[in-house]
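Given next are the chains, with one letter for each unit.
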Amino acid sequence: MSSQVFSHKTFNQSLKKYYSFYTGGFIAFVLALAVAEQIGMSRQWIGYWFLFATIGLYAGIGIMARTAEVAEYYVAGRRVPAFFNGMATGADWMSAASFIGMAGTLFLGGFDGLAWVMGWTGGYCLVALFLAPYLRKFGQFTIPDFLAERYGGNIVRTIGIISAITCSFVYVVAQIYGVGLITSRFTGLEFGVGVFVGLSGILVCSMLGGMKAVTWTQVAQYIILIIAYMTPVVWLGIKHTGIPVPQLAYGYTLQKVGDLEKKITADPKEQEVRKIFADRAAAGRAALAAPDKAYAEGKAMVEKNLADAKAANAPADKIAATEKAVAAYPKDVNAAKPMWTRETGLAARAAPPRPHAQAFAGKDEAAQNTARLNFIGIVFCMMFGTAALPHILMRYYTTPSVQQARVSVFWSLFFIFLLYFTAPCLAVLAKYDMYSNLVGSSFASLPAWAAAWAKVDPGLLNITDINKDGIVQWAEVVIGGDLIVLATPEIAGLPYVVSGLVAAGGLAAALSTADGLLLTIANALSHDLYYKMIDPHATTTKRVTISKVLLVVVAIIAAYVTSLKPGDILFLVGAAFSLAASAFFPPLVLGVFWKRANKWGAIVGMAVGLGVCAYYMYSRYPFFGVNMPLWFGLSPVSAGMFGLPAGLITIFVVSLLTSPPSREVQELVEHVRYPHLRGDTMVSEAR
Amino acid sequence: MQLTEKHQEYWRKNLVYTAILLLVWFIVTFVEAWYARELNSITFFGFPFGFYMSAQGSLAIYVAIIGIYAILMRKLDLEYNVDEGDLE
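Sequences listed follow chains Z and U, in order.
The first sequence runs 0 to 686 under numbering that gives the first Met the number 0.
The second sequence runs 0 to 87 under numbering that gives the first Met the number 0.
Any given hint could be a false lead.
As the list claims (entries may be wrong) - Derived DSSO-like pairs (lysine-lysine); straight-line CA-CA distance at most 30 Å:
| no. | chain 1 | residue 1 | chain 2 | residue 2 |
| --- | --- | --- | --- | --- |
| 1 | U | K12 | Z | K594 |
| 2 | Z | K274 | Z | K15 |
| 3 | Z | K262 | Z | K298 |
| 4 | Z | K309 | Z | K330 |
| 5 | Z | K594 | U | K5 |
| 6 | Z | K292 | Z | K303 |
| 7 | Z | K268 | Z | K594 |
| 8 | Z | K238 | Z | K274 |
| 9 | Z | K255 | Z | K238 |
| 10 | Z | K303 | U | K74 |
| 11 | Z | K298 | Z | K317 |
| 12 | Z | K336 | Z | K292 |
| 13 | Z | K255 | Z | K467 |
| 14 | Z | K255 | Z | K268 |
| 15 | Z | K531 | Z | K309 |
| 16 | U | K74 | Z | K15 |
| 17 | U | K12 | Z | K598 |
| 18 | Z | K362 | U | K74 |
Calculated from the structure, these hints are not laboratory results.
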C-alpha cells in the first residue's frame, strides 16, 4: 500500500511540474509571436503558427502517450489525479459552441440566454451527487457496461450503445464543423481543407493512445483555451470597469447599458430608422396580400426612376445604378415573392432594443410565462443531459479512487465555471462598448474593428446607413453571435496576435470535445458491441487495434456528414442533450438508488423515454414538416422535459409489475454504494 | 456480503446529505428562475439580483455544493470505516 501512495504522489507532482513548464512555454510562445508581429510578421503567418504549433503539440502528446494496454487505452490506467481530470473534463465539455457561441447568444438574448449558462453548469451537481462516485466504484470501461451489468442482458446493452452513439455522433458533427470554420477563418484555407487539417489533429491525439492520450492532450487544451478566453476579456474589463476582474464589477456596466438602451429607445434618429423598417415590413405584407398590383407598381417605379435620371441628365454612375435596379427587378410575380417575404422579416428590426437584464421577453403576461417555461425547459434538459452524456461520465472512470472521483467533479465544474461566469460579463462589456463607441460614430470614420469586420464578413457584422444621415444608429447594425468572441481582441484594441490566440483557443475547445466524443463512439462499438457481444474471447491487442481502426472510420464518416453542412447545428446539440437525458438518466440513477429497478423496467423505460422525446421533436420541429401544436408552448429542443419523466415513471411501474432483480444484482448495487467494503469479495473493476 | 446496521446507517446519512444538497440545487436553479422577474427588482452590487444569480451566483453555489459533498463524504467514509485508505 505504502509504495502505491508514494507513486500516486510523485506522479501528481511531476504532472504539476510538466504542466507548469508547458504553460510557461506557451505564454513565451505567444509573447514571441507578439514581438514578431511588431517586427512585421504578417497576419496570415501568425494564423499558421498558431494552427500548426498547437496541433503539432497535441500530436506530440498523443504520440508520447501511445499505448496498447486495454486499461490504459480505455480509462488512462485509472490514475488521473482529480485536479487534472477536472481540467480534462473542462476541455472535454466546453465545445466550440461554448467557446465561440456562448457570449454571442448572451449578447443577443440578454437574460434569456442565461438558461444555457445555468444548464451547462448545474448539471454537474447531478453528476456529483448521483453518478460519478458510483460509476467509479463500479469501475468498468463504458456507460453501456454499467447498464448491462446492472440490468443484465444484451438488450439493455444494445439500447445503451444506440443511445450513446446517437447523441455523441450528433454532437461530434457540430465540433468538426467548428474546427473547419476556425481553421478556414484564421488561415484562409478552404472549409474542406480546414476540416481535414483539424481532423488529422484529432486523430493523431486520440488514435494512438486512446483515453490516455486524450486525457493529457485535453489538459493541455484546457490551459490554452482558458488563457485565450480570459486575455481579451480582462483587457476589455480594465478599459471599462477599471479592474482586472471585470466579472465582479460589471454590474455597474450593466446599469450603464440599461441607461444607453433607454437613450436608444427614445432617440428620434433611432426611431426614424425603426419606422423605415416598420414601413418596409408593412409594404412587404401588403405586397404579399396583393402580389400582381404590387409587382406592376414596383416595376413602374424602378422604370420611372431610370427615366427621371436620364431626363434630369444625372451623373453617369447614378444612371448606371438605376439601370441596374431595373435589370435586377424580379422577372415575374413569383420571383418577387421571396423578396417581399424578406421585407416582412424586417419587422424584427423595427423594435427598440430589449433591456439586457430583463427576464423573459413577451408582449403580455401569458407570452412572458411561456418564455419562462422555455427558459426552465432548457435549463432542465441541459442539466439532465449533462448528467447523462457518455463522454463526460466516462471521464470519472479514470480517477484512482472514489473519493478522487468526487473531488474531480468539483475541479471539473470549477474549471468550467471560470469560462461560464466570464461569458455573460463579456457580453455586457461588448454591448457597452458598441452602444457607446459604435452607435453615434459617423460612417466615414467607423471604429477600426467595425470597419474591418463589416468588410470581411457581412454575415457577422452588417452596418448600412438606412436613413442616410451618415451616423450609425443601433437599428442599422446587424450582429451575428459569433462576432463577439472573435472580434473582442480588436474591440479591446489588442494586437492581432491575441486574435490568433483566441482562434487557437476555439480550436482547442472544438478538438478536445471531438476527441472525447469520437473515443466514446469507437469504444461503444469496439468494447460493447464487438468484445462484449460478438467476440468475448478476443485478445487485448485485437480489441485495442479494432478500437483504433473504428476511431478512424467514425472520424471519416463524421467529417463526411459535416461536409454536407447539415442544418441547424444548435438545434442538433440541444437535441443530443434531450435524448441523452431521456434515455440514460433514469436507468443510471435508479440503477444505483433503487435496488428494485430491474431489467424489464430499464428496457421499457429507456425505450419510452427515448420514444417520447424523439416523438415530440419529430412532430414539432419545423424541419420534419409535421408541425403539430406545442404542449404548453414548450419548444421541441426541450423535449427531454417530457421524455425524462416518462422514462422514470415507466421504470418504476414496469419494475414493480415484474419480479425483483437477482440477489447478485442487488449485491452489485450494495457494492457500488460503498467506496470500500472491508470483507467484500466482489470485484467489479476491470483492469 | 451481508451489510451491517452501521453500513445501512452510512447509506441513510449519504441519502440525507444528497437530499439536502439537491434541495439547495433545486432552489437556486428552478425557484430562482421562476421568480427571476421579481428578483430583478432587487439590486445587488449594481446587478439586478435575478440576473446576478443566473449569471454567477447560482453557478458559484453549484461549485460549492459539489465541494461540500466531497468533504462531507470523505468524513463519512472515515467515520464508518468504508474509506479506501490513503490513496492520494
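Hints versus structure:
no.: 1; hint: U/K12 with Z/K594; verdict: holds (17 Å)
no.: 2; hint: Z/K274 with Z/K15; verdict: violated (60 Å)
no.: 3; hint: Z/K262 with Z/K298; verdict: violated (40 Å)
no.: 4; hint: Z/K309 with Z/K330; verdict: holds (23 Å)
no.: 5; hint: Z/K594 with U/K5; verdict: holds (19 Å)
no.: 6; hint: Z/K292 with Z/K303; verdict: holds (16 Å)
no.: 7; hint: Z/K268 with Z/K594; verdict: violated (68 Å)
no.: 8; hint: Z/K238 with Z/K274; verdict: violated (35 Å)
no.: 9; hint: Z/K255 with Z/K238; verdict: holds (14 Å)
no.: 10; hint: Z/K303 with U/K74; verdict: violated (86 Å)
no.: 11; hint: Z/K298 with Z/K317; verdict: holds (18 Å)
no.: 12; hint: Z/K336 with Z/K292; verdict: holds (13 Å)
no.: 13; hint: Z/K255 with Z/K467; verdict: holds (28 Å)
no.: 14; hint: Z/K255 with Z/K268; verdict: holds (20 Å)
no.: 15; hint: Z/K531 with Z/K309; verdict: violated (81 Å)
no.: 16; hint: U/K74 with Z/K15; verdict: holds (27 Å)
no.: 17; hint: U/K12 with Z/K598; verdict: holds (28 Å)
no.: 18; hint: Z/K362 with U/K74; verdict: violated (52 Å)
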